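All chains should be built: construct the whole structure from the sequences, respecting the hints.
Residue numbering for the sequence shown follows the numbering used here, beginning at 1 and increasing consecutively.
Please keep in mind that the hints were generated in silico from the structure rather than gathered at the bench.
Here the structure is a predicted model, which means the values were calculated and not measured.
Honestly, I wouldn't trust all of these hints.
As the list claims (entries may be wrong) - Label-pair ranges, simulated between beta-carbon atoms:
#, residue 1, residue 2, range
1, 188, 212, 20 to 28 Å
2, 143, 212, 36 to 44 Å
3, 265, 81, 33 to 41 Å
4, 108, 141, 36 to 44 Å
Every residue, glycine too, gets a C-beta built ideally from N, C-alpha and C.
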Amino acid sequence: MTVPAVNVPVIVAAKRTAIGIAGHGFADVTAPELAAPVLKAVAAEVGSLDTPIDDVILGNCLGPGGDVARVSSLLAGLGVGVPGVTVDRQCGSGLDAVAQAASRIRSGDETLILAGGVESASTSPWRFWPPVDGAEPVRYTRAPFAPHGFEDPDMGVAADDLARIRGIGRERQDAYAARSFARAAACDFSAEIVTVNDVATDERIRPNMTAQRLGRLRPTFTSDGTVTAGNSCGISDGAAVLAITSADRAAGMPTLRILGSAVAGSDPALPGLGPVPAIEKLLARTGVGLGDIEIVEITEAFASVVLAVSDEVGLDEDRICPDGGAIAMGHPWGASGAILLVRLASRMLHTGGPGLGLAACAIGGGQGIAMLVERAT
Numbered sequence: 001m002t003v004p005a006v007n008v009p010v011i012v013a014a015k016r017t018a019i020g021i022a023g024h025g026f027a028d029v030t031a032p033e034l035a036a037p038v039l040k041a042v043a044a045e046v047g048s049l050d051t052p053i054d055d056v057i058l059g060n061c062l063g064p065g066g067d068v069a070r071v072s073s074l075l076a077g078l079g080v081g082v083p084g085v086t087v088d089r090q091c092g093s094g095l096d097a098v099a100q101a102a103s104r105i106r107s108g109d110e111t112l113i114l115a116g117g118v119e120s121a122s123t124s125p126w127r128f129w130p131p132v133d134g135a136e137p138v139r140y141t142r143a144p145f146a147p148h149g150f151e152d153p154d155m156g157v158a159a160d161d162l163a164r165i166r167g168i169g170r171e172r173q174d175a176y177a178a179r180s181f182a183r184a185a186a187c188d189f190s191a192e193i194v195t196v197n198d199v200a201t202d203e204r205i206r207p208n209m210t211a212q213r214l215g216r217l218r219p220t221f222t223s224d225g226t227v228t229a230g231n232s233c234g235i236s237d238g239a240a241v242l243a244i245t246s247a248d249r250a251a252g253m254p255t256l257r258i259l260g261s262a263v264a265g266s267d268p269a270l271p272g273l274g275p276v277p278a279i280e281k282l283l284a285r286t287g288v289g290l291g292d293i294e295i296v297e298i299t300e301a302f303a304s305v306v307l308a309v310s311d312e313v314g315l316d317e318d319r320i321c322p323d324g325g326a327i328a329m330g331h332p333w334g335a336s337g338a339i340l341l342v343r344l345a346s347r348m349l350h351t352g353g354p355g356l357g358l359a360a361c362a363i364g365g366g367q368g369i370a371m372l373v374e375r376a377t
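Structure follows, in structure tokens:
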């Protein structure tokens, strides 16, 4: 069945909090308290549509449960009649939330959805496995990404493995990280940020993180590795929300069309390569050529991951994260995918901005997610 043109899903508003270093500016701000002000701001921006909000979809990884999206919606004052659902695809959660919203708009089932993600590493609850045979409960920091019988490395160890297997040396990783810091330090992100808890700027960005300075840092995850605290992301807090509606309802407004999205599985031992099959699947599905994409936002969890994906797919590195990324700004897990779209919107919706943009995330356990957006003319 051909989907009517009126049901083409579009992004009509995109906002985020500043990205905080865990334990700093948002140290006592819960996930709903981070998301609610952004939901409220985005809802205000689309108020002129005079369209009820059908749902709130938020990605979240380590929150307290209890349906963070619903709690955030109520806290934002959207009304008891606005429902909410929380999505967990780990680092791809925020992007998956938007993909789900787009599918529901495309189907014609809904008309306006607020979607994105939120993470508060600072206030995430401690978790314990139940006691066995009278032993003490065992605290754990993350759930398994893969079952017994599969490799399930921690992300930093996996990034080191990927760098070694793909021959991505320390010097190249540090050069990429230095570029991320320099580009982010040169940008003014204020137009996309909603101030929360008096925090209005990204806390991790440092203008003086040169490749030479980064080169002095010791390996973080393995004694002989090349991944350091400087060429990988920080543990972070943040939220991002986008309004998704149909093209006909947004007529006359600056919008990004959501051309398609894709998810794919990959080897859990090398989760950093997850975006590769997702991107390939998305391009095949949409018929878009790699050379037509003018801007690419990939979650910079680790420089080795971005570089490996770039090498494997054949991306132009100059088009990747042109304003810096998670290495410089931080990586609030459940929000990061949505933050990529906020960044694309900020770039693409300016007059003369890029026409086609790609967002992609690597996901623990061996998954990838990607989304293609187009500036409406």
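Quick rundown of the hints versus the structure:
| no. | hint | verdict |
| --- | --- | --- |
| 1 | 188 <-> 212: 20 to 28 Å | holds (26 Å) |
| 2 | 143 <-> 212: 36 to 44 Å | holds (39 Å) |
| 3 | 265 <-> 81: 33 to 41 Å | holds (37 Å) |
| 4 | 108 <-> 141: 36 to 44 Å | holds (42 Å) |
The structure agrees with every numbered hint stated previously.
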